Every structure is written in structure tokens, then in C-alpha cells.
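Undergrad: Since the structure of chain D is provided, determine the placement of chain E on it from the hints.
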Amino acid sequence: MNYEPVMGIEVHVELNTKSKMFCRCSTDYFGTQPNTHVCPVCLGLPGALPVINSEAINKCIQIGLALNCQINPVNYFERKNYFYPDLAKGFQISQLVLPVAVGGWLEVEDENGEKKKIRINRAHQEEDTGKLTHQGADTLIDFNRSGVPLVEIVTEPDFNSSYQVRDYAKKLQQIFRYLEVSEADMEKGDMRLEANVSVRPVGQKELPLYRVELKNINSFRFMVAAIEYEIKRQIAALERGEKLTQETRGWNEAKKETYLQRSKEEAHDYRYFPEPDLPELKIDTEQLIILKNRMPELPQRKIEIYTTQLGVREQDAKILADSKELAEFFETTLEHGQKHRVSTQEIANYIVNQKPDIEIVLPTQVIEEIKGKKVGRIEDEKELEKLAKQAIEENPQAVEAYKKGKTTAIQALIGTMMKLSSGRANADKAAQLLRILLE
Amino acid sequence: MKITDMTLLEIIEGIQAKRFSEEEMVGSYLSRIGKLNPKLNAFLEISKPHAGIPVAVKDIIVTRGIKTTAGSIILEGFIPPYDATVVEKLLDQGMSVIGKTNCDEFAMGSSGENSAFGVTKNPWNLEMVPGGSSSGSAVAVAADLAVFALGTDTGGSIRQPASLCGVVGFKPSYGRVSRYGAIAMASSLDQIGPFTKTVSDAKQVLEWISGPDGYDSNCLNNLYKAGPALTDLKGVKVGVPKEYFGPPAGGGLDSGVEKVIKEAIKKLEELGAKVIEISLPHTEYGIAVYYIIMSSEVSSNLARFDGIRYGFDRGKFGAEAKRRIMLGTFSLSSGYYDQYFTKAAKVRSLIKRDFDQAFEECDVIVGPASPSVAWKIGEKINDPLKMYLSDAYTIPASLAGLPGLSVPCGFSSGLPVGLQILGKHSDDAKVLDVGEAYEMATDWRKEKPEI
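Each protein sequence line maps, in turn, to chains D and E.
If you want our numbering, it's the position in the first sequence, counting the first as 1, plus 36.
If you want our numbering, it's the position in the second sequence, counting the first as 1, plus 15.
It should be emphasised that the hints constitute simulated quantities derived from the structure, not laboratory data.
Simulated crosslink set (BS3-like; lysine-lysine; CA at most 30 Å straight-line):
hint, chain 1, residue 1, chain 2, residue 2
1, D, K251, D, K291
2, E, K54, E, K331
3, E, K104, E, K461
4, E, K367, D, K318
5, D, K54, D, K224
6, D, K116, E, K361
7, E, K331, D, K167
8, E, K358, D, K116
9, E, K463, E, K63
10, E, K274, E, K249
11, E, K445, E, K463
12, E, K17, E, K33
13, D, K442, D, K455
14, D, K116, E, K331
15, E, K361, D, K318
16, D, K318, E, K358
17, E, K395, E, K277
18, D, K54, E, K104
19, D, K407, D, K455
20, E, K367, D, K116
21, E, K63, E, K461
22, E, K281, E, K367
23, D, K391, D, K151
24, E, K337, D, K116
Label-pair restraints from in silico Cβ distances:
hint, chain 1, residue 1, chain 2, residue 2, range
25, E, K240, D, P332, 47 to 53 Å
26, E, E38, D, E219, 54 to 60 Å
27, E, K17, D, K54, 51 to 57 Å
28, E, K358, D, K224, 44 to 50 Å
29, E, I94, D, M331, 47 to 53 Å
30, D, V133, E, L400, 29 to 35 Å
31, E, L238, D, E242, 57 to 63 Å
32, D, K54, E, L238, 27 to 33 Å
33, E, G267, D, Q282, 49 to 55 Å
34, D, R330, E, A66, 51 to 57 Å
35, E, K358, D, N38, 45 to 51 Å
36, E, L400, D, K291, 54 to 60 Å
These numbers were taken from a predicted model, which means no experiment stands behind them.
For each residue, glycine too, the CB sits at the ideal point set by N, CA and C.
With the rest of the complex left out, here is chain E:
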């Protein structure tokens, strides 16, 4: 097997068994990056380490001494003086950062087209978007340019590109992983999470990067520990929200995607799970709530980019960034705060309550991660509202702080489809274990794009 085809667990085993050296391993990934990155534009910066298992890090996460741009002209050339906690933890485990991956500017986007440094291409079809905002990280794993990658997910930015690129993407429970060093987008929603080739890999990475660090005040005190794989799903209750299939909330769901998702749910049943219909009545309000709360927090978090201590003048923000800054500033303004921000916060708690009530009847909730497969580059970029709808399935779990996994579950029109699995807050283990059981009972992880 090619080294670059290997999963993280296989690589760890391979190094221990001395089947290849670390230099050989890094070398093969670097040479593959050299060959394919010009076509894919997944990496903005390649750091050429000599040893250590190569991890690709989304350019929204600071890395000491390695240029970090957040996909924006504003930070072009910026070299952070410190490492994010997650980077420090991985370096401690013997990983090395092989490069920084492309992303939508300041994590704002669902396609990768908002990067100031060109769009990343979907390795399954170079004319298609890879999804966003963690476009480069998803592609790095899909195209075997790194063993695994880190991304961030605020409204779906790990789960959605994972789905569009046929890889595993996991958004931990809010507070599971420290956000220290992730350039803040929406503080109450952001989480750093892994892109991996398998769910088993994701469990290992989560164990390494999670835990309170004394720098992020919102970290959970309980720890995640990767447990053994489940052999079946007997006793697991799987909830399927009726709002996900059909208008108004699920009105944009592609029929090909719907078919694949329903087959995946059948597979869960075959594994012994009990599938029940549940209701998440406020699903249709998710996007509106998200865009008000997220952009309000963004308008405040981006205020530090004044060009005085670092970075360029704020006139250099891209169009989507400017749009969200304006929307957020408006929502927080005197005279509008109550009807927009406060109202959105109230509805947010209703969405959270939907989940609390649903989880009294089931252990996990499943559905599509994205309403469609990858679309053509340029197709939605001129219609921001249409673009916002791509996050319809991922947004509610972000608002409720729940853990969410996207695991490859098939293809539609030749492009990957991801099954989203959501769990109770803090119940990252259940989500990952159910996903792992599904993965081991299928062969989707063995599919690789021909580039």
C-alpha cells in the first residue's frame, strides 16, 4: 500500500513496525503535494518538515513561525508568535505541520470561493467546489496530501466540506477543544475539529487535541477518551427528524442525496439500531438565527484588524466579510438590538430545546450533512442567500453546541455524500462510535478520487 494511502492508525503502526522511516513518510507526502497542489490549491503554505506525522492545518489556526493568513489579504505575510493549543498538543504527540490550508476568508463561506488566494478544487471533479469554509483541509485529506487535517466548524465548516469531499469530518461539542489560537469568527459557535480518512482516526485525533488548557474559559471539564469500536448498533436509538425531508426546512434537499441518506439509515437499522421519527420543529429558523448571532459576533471579533499592530488596512476585507460585518453591526445597534440579536438568542434557545426533547427519545440524530453534492465553481457565489442555505442541516447543531460527524455514505451523480450524525452535548463518544460502526460495515472509505 502506498504510504500516502494510509490512515493515521496504519501510519502509526507502520512507523512502530519500522516498515518505513519518518523521513520517507514525510517525503512521500511532500512529493504528492508538489505534484497535486498546483491543481488543487489546497495549501497556501507548505512548511517542509523532516519528521513527524504530517498534519495539514487550516490557515485560520495560528502556527508559530509559519505564515497564517485566514484566507485573507488582511493577514498576508502575518507570522504568528505563538501556536494554537491544538497545534502544541499535536506537536507534543510527535506530529508536524506539513502546511497551512486554504479556506474562505476568516472562515466565512460554504464553498471555498471566498478565499483571497483562489478557490480550492474538489479532487472528485476539479470544476466543482470542495465546500467551505475548511476547503483546503477537506481536500488535503481527500487527495491524500496529509495524513489528517484540522479545520474549524462554526455553522458547518467541517461537516459540509467533509461531505462534499468524501472524507470524515467531526465538529466536537462546544467546549470540547480549546479555541485558543483559532482566529475567532463566532465565539459562541466556533470549534476546531479533525478531517480524517476514517472515523477511527478521528477518535484518536480528538483524544489528542481535546481538553481544558487554561486559556479558553469555555472548555468542558470532563475529558474525551477514545473507547473500543462497537461491533453493532444494538440498543442504539437513531432519531430521524421529519423536518429534514421536505419543505419548509428540507425543501432544498436534492433527491439523489435523499436516496443515499435513506440507504445509509437503513444500514444503521441492519446493524441493530432502532430508527425512530422525531421532530425538531424550529429547524427552519436555524439559518436566520445563525446569520444574526454569527455575524454579530463576527463584527466584534474582526474589529481587532485595524492594521495598527499587524495586518493591512481594513479596506482590504473581501465582499463576504464586509457583508457579515455590516449585518452584525446592524443587529447589535441601538434600536435594533432587541428585535434582532436578542430575538435570535431567544429562538436559539428554542432550537436547543428541540434537541433536548428529541434526545429524550433517541441517542443520536441522523440526516444529510449537505442538501446537495458539490456544485460548480461560480454557480452560487453571486447569490449569498442561496449560498447560506447550504448550511441548513449543519447550523442547528452549531447553535446548540452539539457534537456532529459527517461520514462518507455513498455517491450521487458521481460525487460524495456524507451522513451527518449528531449527539447530545458532551456525548462525542457516542457520535463517533456510531459513525465508526457504520464505516466498518461499509467500504466508502476505500474510495479515492482520481486526480
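Looking at chain D on its own, in the form it has when it is part of the complex:
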């Protein structure tokens, strides 16, 4: 029997707002002393209350728009109740029934280049927890991260290959960086992935009755490895006649295998109910228009324009649109290129192959470089001979001085050759030729 994987992905992205989601504490906590970016609200002290950070909501809306979602004009927060030492209030303020954004999509590619639209179920706003660190028998808690705004993006189980998952994650990361809503750095934890993996017989339309959640995996590479391992493990189990159940598993990089963290029996009832401390969020059409206008041109759109309108090769277009900075550099260079009759293709090739450091190099310098290289050095002996003879004619004193033994006088002749050829003459060959002619 042939099996196919059925997978859904959950991404949590930490927003780069100045303040936390429900209080005025700074979110710039990376590398700072523990418990120094805290206040009664994010510490869950008795009597503290949340206040919505509207900039975070704007960023959540923009993420929803970038993923082609519908933005709910009225949405509200809910309490997700559970106990854990890093959850200060004993509940997380999140969204369930009516989130900010629903019903979107993102196109991904598989290993054969085939494209598929992945359906996005929702993008909602919530807050992050504190961070636990284990030190021997002790566990330390740092609440600097508690209350930092998070957006959770959930897909439908539309993924059929780990390549698609990787493409999805990379594209999301790109979108977050284009929107400037997060650095989306997996190592720093600003972007976190969870995969729900199951398998079913090829041709079956119904979803499998179980899912294995892969959690706490902090790189694309490990996630892909874990997914591929899991798919194989599940298929092998089913072929042995085993029944698969709901589980949470982690990835052991040393052993290169997934391992059980939690089984279904411990599944949580979060007792969600609407957050009574916060009013409903109303997003009016004017605000939505302002946010839509603020949206930058996104990578998918840029790739489309580069390939269909500018004739750039698709693989080059992907590279050029990889970051907003590079895309803008490319586009500015194109503008300069038009004035100097340097073509789009030449500029694209140059940037893709030479990989100039765009933090230092200016678009105008790229144009100069291309022009210089395009014209090229004069290597041809006959042409050089012509120039050499002309230089000798124009510099009688230098020639006499050289013949009298002043070897450095040849510099003046080389200089003249360079001037006559606009710097294109191959200086070494010029020198050799001159020596021969002057003998």
C-alpha cells in the first residue's frame, strides 16, 4: 500500500513592536538581565490588568493581508487557561472563535517545482510566555519575554512533502521581514514552527484519525529532518499493523530520530472564554485602507513582475527578491542602468553572480563596474602595437631618455597608451611591446 503524508503547520512569530502586547514594558529583551523588562501586568501580579497594544494589532492585520486573509471587522480576545510556571497569570490571552484574520492562502513549491496553494486557516494575536532555563535540579524563570506580542498562523493540513514545508517557512520568514514586523530569526526564537504530521493511503480523501505534533524544533533543517523521519516511522508502523494515536514528539538531533513527549491522555481542556478585561476589537474600513496602503510590494509580486515584465529568469528573480533591501537595490540599479544603457539582464546577472555587498556598494557603482567590465581590456597585440607606436611618436623626450638608459622613462609612454585607450590597455603587455619597439 502506498501512503502519502498529510501535514499542517503552525507558526508563531514574535512581533518587533517597541512595547509588549498588553503593557508598556520594552520588548527589546534579547541578551539583557533576566526579569528586568517586567511590570505588574506581564508578571501577573495581583490586581494587574491588560491594555491592548494597537501597533501589534496593525502588524497582525498586515500579516493577515500578506497571506490573502479576510480581516474580521470585529474580533475579540479569549483566555486560554492552563497551568505552567512560565505562564504568569495561569492563562494566556489569545484568540479563538473570532480572530483577527481568517481564510487566506500562500503558494508553495514542491521538489518537482509544482506549485500548490496552501490554505491559511487563521492568523491571530496572542502573548508570549516567560522562558524556563534548567540548571541542574533547579528551573529558573525569566519573565522578560512574558507578554511579548505573538502572531499565530495556522494552515489547513494541505502539505504533502517536507520540501513544501520548508518553502512555506522560508516564504513566511521573507514576508515577515518584508513587512518589517519581525526579524523572524529561528535561532533567536522570533519564529517558531510546529508541524502536525500524519499519513493516509494514497487516494483516501478523509483525514487520518490521528496527528503527531512535532514541537520545540528550532531550525528549518531539523524540522525537515524530523518530518521526513516521522513520515517514514508512521508508514512503517502502519505497515506493521500498528494503530497510530495522537502524540507530541520532539527531535533528537544526536540520534536523528523523533521521540515521544506527550500522549493524548494528557490533552488539555483550555476552558476558553471571552477575555472580560478587554473590549471587542473593532477594525474600521478606514484603518484597513491605511494599513493596506502601508503594505510594501511583497516578494511573490516582485518575482512575478521581474519574470513577466522584466524578462528575468525565475531562479534569478527569486534571488533578487529574497530580501526587501536587495530587491530595492536591484530596482534602483535598474533606474540608473536606463540612463547608461546598461540592460536589465546585465544588472541581474551581475548582482546574482558577483553578490556585491549592498551595505557598502552603491547602485551607481554597480553600473560603473558593469560598464568597465563590458568594454574590457585591450589584449590584442596589433592594437596595442598601434597604440605603442603612437605613444612613441608623442613622447620624443621620454624615448630619448629611455634610450640613454633611464628605464623609468617608459612609464610616461605607458601612461600615454592608457590615456589613448581610456584605461583599457593591458599595462603589462604595453610595457613589453614598448621595450621591443624601443630597442
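TA: Leaving out everything else, chain E in the frame of chain D:
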């Protein structure tokens, strides 16, 4: 007149006229506390300020640097690092916190008997309960241990003890006063409010403590301003709900209390008010709705007391707290959420609609604040459901977020009775002004307990 007998407005005038110094004033209250608190157990913590008009603050409200327990072992010794907004506002006005008052644990109770630190006694009869959950604050004002006090009211915890102790107690419209710093019981119901010796005092305190502060997202944007006192009640329509007198909703109403309340309503008529009968048909469902919604929110709000960042292990919750946590967790659980929590929320909106419709015919609604006068300590504590019924008159206004006043209106069997006056949402001014007019036309405020 003794300084400790004075109202807030009289004290302000006295200080301005230099009839006494602030130190003298604080000193006389401190010495009275020293003499009487051992008998009454109104204060859990006395902070001994040197100056500033002394206010007693219910121990459910955080005060920076002053121990705050919420009446619970869980927070024994807890010293908050910040002040509640209301405390900051009062300190800005030159008040000082003279002490923290006893209350039912985490504001859960109607008698004061659920405090982990012993019950507060009713100064009118030391064998009787003072009511709850703001027991200590009500007693502090009744026994002249402070000029005024702050309490919280979720289902009646200001109005009911005010009624049982013969003082003025006011629950503002939901959102009128910031809840930042009030240890949360039921987030959609809690309000901080004043206990005072007169309604005129309450108006002043409300003006000081109310207003949006940028920390409580549910604050109203409009502001309360204390206006001049009304000379009479001409043109005021007073609604009397027929459900308040007689079964099923009013079945527990004590006949002595009923008599006093009806006389008070007659007084309103004498002052020119038009008294009309109205109906609040869903009154009898109030208690059930309240106990589901309130305990659901409580079960979530108390989750932060895990003993990790502050406080003691959650095994130290008292019996009533545990009861409500369990009830609330159950009501929110998967499989029960719809029939309990969602259903209660729906009925809540019906109760609110009752009031909206009634207020089309009247300006204020009156009735008893409590079905009985103070009862004996120990009498109801073993029957939680019986205890819950003491809030029958106060609960509906909490569910609808309406402003509610309890003003002394007489005695029955030698114990105080309070008249409850309710108003439209945001119409705190009308409620207080009607109460003030009644108060000025009577002498109940001059009665003081002999301790």
C-alpha cells in the same frame, strides 16, 4: 464635636479653618483604632501615617509597601510593589492610608466569616456579622475608625455590609472607577467604591477616585462630576419592582426590613418623587446567573496564585474559595460550557434588558439592599446556598453594571437597614443625588453604635 465623629466634608472644612491640625486628626483616629480594633477586628494592618485624611482600604486593594492579604493565607506577608490607581488618586488629594481592612477571602462572602484572619464584628452588636465581603471597611466607617473607606462590590459586597452596618456604601457604574490594583475576583462585575458617613461625602470620594487611567481597558470615557445637592425630588420617577416584595424572588425578605423600606419609599414620595410599580421579571434568576459567571471568572483570575512568584501554595485557599474555583472550572469545562457559562451569559442579558425597559419608565429603582438585618455569627456559614441568598437584591445591578447606593433608612430589631437606590448605567449622579436628598431629609446618619 469629636474629630472622629466628623464627616469628610466637615474634616476638610475643619483643617482649612485650622480648627485642628492633621496630626491631631490622624492621632485621634489612631487612638480610637487602638482602643476598638481588638474588639472589632476591622483592620488587618494599621499603617500609622502622620498626616493626611485617614482612609481605610479594603485588603483586596494593593497598596505599595503596605501588606496586602486579600483576607487570605495565600497572600500572608505579601507586600505589593505598586499602588492601585484609586490609592494613587487619593494620595494625590492629600489622603493617607490609615490601614488595610479585613474582608472575606478574595472578596468571596457575604458575612466576613470567610476571612482567614478572623471575622470582623458588627459594631451595633458584637455577636452579629457586619456583612461582606467588605466587612472591615464598613465597620471602620460605622465605628468611626476612619473618615471614609474603600471597598469592592462584585455582587453586593459594598451595598450589603453598608446596609448591615448603617453606613453609606456606593457601587459605581461598571467602568466608572479603574479596577487596576483591585485583586480581581470577577472581572466583568468588580467595582471599587466608597463607604462614607454621608452621601455628600460619597459624592466627593467618587469624584476623586473615578475616571479612565490607561490601565483598565473597561473604563468609561465620560467623567463623573459631583453636582449640587437636590432640595427635593420633584420630577423624579422612582420605580419599585414588584418582584422585590414576595416570592419567588423576594420570598426571603424579612418583614421588619420590608416595613422600614416601605416607610423610606414613602419619604421619597413626601419629597416630591413619583413612585410607580415596575417589573423586573428575571430577578429570580439573578443568583444562579451570578454564581456561574462570577465563579467562572474567579476560577481563571485565581490561577495566578501558584506560589511561584509570590504567595503560598494553592492548597492554602479557604473552603469558600475552593468551592467557587471548582464551580467555575466546571462551568467552563468542555461539555458543560454551553449549558452553564453560555446560558448564564444569555440570561444575564435578559436581566440587563429588564432594567433597560424599566428605566424607560423611571429614573431610579429602589428596594432593600439586604433581605435581612445582620444575623448571628456562625448562623449561616455552614449553608453556603443560604448565604448566597443574602445577595438577592444586590446581584442583578452588578450583572447589569448599574450604579447602586445603600443609604441608612432605619432600624429593625435594633439593627440597621439600608435603602438600595439603583440607576441607569453611567447615571451615578442621579443615584447619589436622590440618596443625598433622602439623607438630608432624615436623621439616620446621626445614629452611631455604642461600642
